[in-house]
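*Asks:* Okay, here's what each chain looks like letter by letter:
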Amino acid sequence: MTTAAATNEQAPAQQRLVRAVEKMPAFPKAVQQVLALCRDINCPPRDLVGVIEHDPVLTVKLLRVINSASYGLPNKVTSVNQAVLYLGINTVKNLALAFAMIGVLPARNAAGFEVQAYLVHSVATAALARYLASRPQAGEVDPDDAYVAGLLHDFGKVVMATHLPEEYRNVLETAEAEGVPLHVVERRLIGADHAEVGAMLARHWQFSPALVSCIGNHHENPDMDGLTACVALANQLTRRAAVGNGRHVFHPDEVPVTTRFGSEFASIDIALGSLDSIWSTARAYAESAK
Amino acid sequence: MKVRFWGVRGSIPVPGEHTRRYGGNTTCIEIRTDGGALIILDAGTGIYQLAQSLLKELPVSANVFITHSHWDHIQGLPFFIPIFVPGCSVNIYGAHDIVASTGIERVMDVQMQYSYFPVREAELKARMQYEDVQPGVPVTIADATVTPVMLNHPVVDFGYRIECNGKSVFFTGDHEPHQNIYRPEDEGFDAYRQMIEARTADINTAIGNVDLLIADSSYTAKEYETRVGWGHGTFDSSIALARAAGAKRLACTHHEPTRSDDELDRVFADVLQRFPVGDNAGLSEIFLAREGLEVHL
Chain A
1 MTTAAATNEQ APAQQRLVRA VEKMPAFPKA VQQVLALCRD INCPPRDLVG VIEHDPVLTV
61 KLLRVINSAS YGLPNKVTSV NQAVLYLGIN TVKNLALAFA MIGVLPARNA AGFEVQAYLV
121 HSVATAALAR YLASRPQAGE VDPDDAYVAG LLHDFGKVVM ATHLPEEYRN VLETAEAEGV
181 PLHVVERRLI GADHAEVGAM LARHWQFSPA LVSCIGNHHE NPDMDGLTAC VALANQLTRR
241 AAVGNGRHVF HPDEVPVTTR FGSEFASIDI ALGSLDSIWS TARAYAESAK
Chain B
1001 MKVRFWGVRG SIPVPGEHTR RYGGNTTCIE IRTDGGALII LDAGTGIYQL AQSLLKELPV
1061 SANVFITHSH WDHIQGLPFF IPIFVPGCSV NIYGAHDIVA STGIERVMDV QMQYSYFPVR
1121 EAELKARMQY EDVQPGVPVT IADATVTPVM LNHPVVDFGY RIECNGKSVF FTGDHEPHQN
1181 IYRPEDEGFD AYRQMIEART ADINTAIGNV DLLIADSSYT AKEYETRVGW GHGTFDSSIA
1241 LARAAGAKRL ACTHHEPTRS DDELDRVFAD VLQRFPVGDN AGLSEIFLAR EGLEVHL
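Just so you know, the protein sequences line up as chains A and B, in that order. Going by this note's numbering, 226 is the number at position 226 of the first sequence; the sequence numbering is gapless. Going by this note's numbering, 1113 is the number at position 113 of the second sequence; the sequence numbering is gapless.
Think of the hints as simulated: they come from the structure by calculation, not from any bench. From a predicted model like this one, the values you see are computed outputs, not experimental measurements. There could be a bad hint or two in this list.
[As the list claims (entries may be wrong)] Straight-line distance between alpha carbons at most 25 angstroms, and here's what the computed SDA-like set of lysine to any residue pairs gives:
| # | chain 1 | residue 1 | chain 2 | residue 2 |
| --- | --- | --- | --- | --- |
| 1 | A | Lys23 | B | His1096 |
| 2 | A | Lys76 | B | Val1099 |
| 3 | B | Lys1248 | B | Pro1138 |
| 4 | A | Lys76 | B | Asp1190 |
| 5 | A | Lys29 | B | Gly1188 |
| 6 | B | Lys1248 | B | Arg1004 |
| 7 | B | Lys1002 | B | Pro1059 |
| 8 | A | Lys76 | B | Asn1204 |
| 9 | B | Lys1125 | B | Ser1069 |
| 10 | A | Lys76 | B | Thr1147 |
| 11 | A | Lys29 | A | Ala242 |
| 12 | A | Lys76 | B | Gly1208 |
| 13 | A | Lys76 | B | Gly1136 |
| 14 | B | Lys1222 | A | Cys43 |
| 15 | A | Lys29 | B | Val1099 |
| 16 | A | Lys76 | B | Pro1177 |
| 17 | A | Lys76 | B | Val1149 |
| 18 | A | Lys76 | B | Pro1138 |
| 19 | A | Lys76 | B | Arg1161 |
| 20 | B | Lys1248 | B | Ser1237 |
| 21 | B | Lys1248 | B | Arg1274 |
| 22 | A | Lys76 | B | Glu1187 |
| 23 | A | Lys76 | B | Ala1191 |
| 24 | A | Lys23 | B | Ile1098 |
| 25 | B | Lys1248 | B | Gly1282 |
| 26 | A | Lys76 | B | Gly1103 |
| 27 | B | Lys1222 | A | Ile41 |
| 28 | A | Lys76 | B | Asn1180 |
| 29 | A | Lys23 | B | Ala1100 |
| 30 | A | Lys23 | A | Asn109 |
| 31 | A | Lys29 | A | Glu287 |
| 32 | A | Lys76 | B | Asp1202 |
| 33 | B | Lys1002 | B | Arg1020 |
| 34 | B | Lys1002 | B | Arg1021 |
| 35 | B | Lys1222 | B | Glu1197 |
Please take these sequences and the hints and turn them into a complete structure.
*Replies:* Here's what the structure looks like:
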């Protein structure tokens, strides 16, 4: 998929997915909050940022419009805060409102994909990735970049589940029956896994190369750089803590995807200290979003 | 290069005896390059009088750069007479509208609709061209270059730097210095502050050492206290910008519609008292923009 020939062969499918995402609604909780905040002329900008930052669809769409060629900004915009800084809060507010008006993502879909579990997993992974990025073991990783990468690392899943429901139902059922990781079955039955699909979309929307690479490599090459390591480990620790797992259950034989924070989970636990506040915040968000 | 102010008022035209000296028209600035090319910054109601002055040199080629699409910066466009004159060419430059997902042609299309104006855009007689510009990418207009710089307003606003034969002028359009969206006790405060500092440094560099800075100076510092986030600068913020960017002269514009000529004089006298020009290293003059004022660079 990374070669030019492969990209060309898949261009029609890629275009279909790109168009589909443009019409894709955001999650109910965020849509409801955006509509409420936009009724208040004095809504605090930080509140609106907080809402967008908890919704993968809103975040994707905001980064998509600002990173598209229309402004040709010298640096890629990688976080919601940066988008506010460049565009101003009123423009971000109007964009969020336009995205919210599309409707809400249904809680149940034909693929049987658990949208709520996906959202909680994404939010928890994002928060933990940001925390990991702020630790010295991460090296030079921008915590805001890690947050967005964590939020969007599995975006390909919700895209495939929404737009290839029959195929994706088959993937979910096969993965569960065989006890094989989802991305392996995705590749076998659909021809591309959610990491590839997410990276393809991110590349199409001209997201930063680091973000594209992180989304694309979080399973296959998790230790390739500091950003990917933070997101891949956050993903694994979130599954291990059973926060919004969906069907990707943590297996007792798993070893850490990176040794940057410790070679075993026991040493990582000691190095990181308690993550309870991250889990409880994510669970509280999940509870309030029901 | 010559700079002439045709509209210096913010928000809404305020003709009348109280605004006779500084003028009541909304934003429009004419720039003539050394070679005589016509560049127009914004198309507020001031552009109507500018159009009248062009009648003696028809047909003209006008290059209109729109800082942003708020009414007071575009509402004169349908009355810019050259658009109705065969042989004229009118090139309109500005930012892509990220919310409407349309190009700068939208500033004409939205105004020239049946309900609001008797002529449709398609019926204009001039050769009309529209071009979306990008921050940092210069546009060449005859012997000058115009470089857009993204500034801060409730709608996307491009400031423009115009250079011609070693002389330069920068117009901010409407601009408020970036404000932190977090409270000092919030987790994101320091990170956002650092982002603002980096953005501000980039803007200062883009304006760097300009011969004339024309800046949105809508409010006094006191008035600004209740207008944070409205997207406008103050006299003090414009002077700070001029100093930080190394501007040689500063023209304060976008006067408040409620401010009479006498009040404007009074407010500005206080500004000059607090910022004596001799103390402003490199900044040799601060003045109020007024209709009809011409500055030679």
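*Asks:* Could you run down the list of hints and mark each one as holding or not?
*Replies:* Verification of the hints:
Under the criterion of a C-alpha separation no larger than 25 angstroms, the hint pairing A:Lys23 with B:His1096 is consistent with the structure, at around 21 angstroms. For the suggested pair A:Lys76 and B:Val1099, the alpha carbons sit about 19 angstroms apart, so the restraint of at most 25 angstroms is met. This hinted pair checks out: B:Lys1248 and B:Pro1138 have alpha carbons roughly 22 angstroms apart, not beyond 25 angstroms. This hinted pair checks out: A:Lys76 and B:Asp1190 have alpha carbons roughly 21 angstroms apart, not beyond 25 angstroms.
The hinted pair formed by A:Lys29 and B:Gly1188 meets the criterion: a straight-line CA distance of about 23 angstroms does not exceed 25 angstroms. The straight-line distance between the Cα atoms of B:Lys1248 and B:Arg1004 is roughly 18 angstroms, inside the 25 angstroms bound, and the hint therefore holds. Only pairs whose Cα atoms come within 25 angstroms are accepted, and B:Lys1002 paired with B:Pro1059 is accepted, the gap being roughly 20 angstroms. Between A:Lys76 and B:Asn1204 the alpha-carbon distance is near 20 angstroms, which keeps this suggested pair within the 25 angstroms criterion.
With a C-alpha separation of about 23 angstroms, the suggested pairing of B:Lys1125 with B:Ser1069 holds against the 25 angstroms cut-off. For a cut-off of 25 angstroms, the pair hint linking A:Lys76 to B:Thr1147 stands: about 20 angstroms separates their Cα positions. The suggested pairing of A:Lys29 with A:Ala242 holds, with an alpha-carbon distance near 22 angstroms, which does not exceed 25 angstroms. Restraint check for A:Lys76 and B:Gly1208: the C-alpha separation of about 24 angstroms stays at or below 25 angstroms, so the hint holds.
For the hint linking A:Lys76 to B:Gly1136, the alpha-carbon distance of about 14 angstroms falls within 25 angstroms, and the restraint holds. In summary, the hint linking B:Lys1222 to A:Cys43 is supported, as the alpha carbons are separated by about 23 angstroms, within the 25 angstroms threshold. For the suggested pair A:Lys29 and B:Val1099, the alpha carbons sit about 22 angstroms apart, so the restraint of at most 25 angstroms is met. A C-alpha spacing of about 22 angstroms is found between A:Lys76 and B:Pro1177, which places the hinted pair at or below 25 angstroms, so the restraint holds.
The hinted pair formed by A:Lys76 and B:Val1149 meets the criterion: a straight-line CA distance of about 16 angstroms does not exceed 25 angstroms. For the given pair, A:Lys76 sits about 20 angstroms from B:Pro1138 by alpha-carbon distance, which is consistent with the 25 angstroms threshold. For the hint pairing A:Lys76 with B:Arg1161, the CA-to-CA distance comes to about 23 angstroms; that is within 25 angstroms, so the pair holds. A C-alpha spacing of about 16 angstroms is found between B:Lys1248 and B:Ser1237, which places the hinted pair at or below 25 angstroms, so the restraint holds.
For the proposed pair B:Lys1248 and B:Arg1274, the alpha carbon gap of about 18 angstroms is at most 25 angstroms, so the pair holds. A hinted pair counts as satisfied when its Cα atoms are at most 25 angstroms apart, and A:Lys76 with B:Glu1187 qualifies at roughly 23 angstroms. Of the supplied pair hints, the one linking A:Lys76 and B:Ala1191 holds, its CA atoms being roughly 17 angstroms apart against a limit of 25 angstroms. Restraint check for A:Lys23 and B:Ile1098: satisfied, since their Cα atoms lie roughly 16 angstroms apart, inside the 25 angstroms limit.
Among the hinted pairs, B:Lys1248 with B:Gly1282 is consistent with the structure: their alpha-carbon atoms are about 6 angstroms apart, no more than 25 angstroms. Taking the CA atoms of A:Lys76 and B:Gly1103, the gap is about 21 angstroms. The hint holds against a cut of 25 angstroms. Of the pairs offered as hints, the one joining B:Lys1222 and A:Ile41 holds, with about 22 angstroms between alpha carbons and a cut-off of 25 angstroms not exceeded. Of the pairs offered as hints, the one joining A:Lys76 and B:Asn1180 holds, with about 21 angstroms between alpha carbons and a cut-off of 25 angstroms not exceeded.
Between the alpha carbons of A:Lys23 and B:Ala1100 the distance comes to roughly 15 angstroms, so the proposed pair stays at or under 25 angstroms and holds. Taking the CA atoms of A:Lys23 and A:Asn109, the gap is near 16 angstroms; set against the 25 angstroms cutoff, the hint holds. Straight-line distance between C-alpha atoms of A:Lys29 and A:Glu287 comes to about 10 angstroms, which keeps the hinted pair within the 25 angstroms bound. A C-alpha spacing of about 15 angstroms is found between A:Lys76 and B:Asp1202, which places the hinted pair at or below 25 angstroms, so the restraint holds.
Of the pairs offered as hints, the one joining B:Lys1002 and B:Arg1020 holds, with about 23 angstroms between alpha carbons and a cut-off of 25 angstroms not exceeded. A distance of roughly 21 angstroms separates the Cα atoms of B:Lys1002 and B:Arg1021; the hinted pair therefore holds under the 25 angstroms criterion. For the proposed pair B:Lys1222 and B:Glu1197, the alpha carbon gap of about 24 angstroms is at most 25 angstroms, so the pair holds.
Checked against the numbered hints given earlier, the structure satisfies every one of them.
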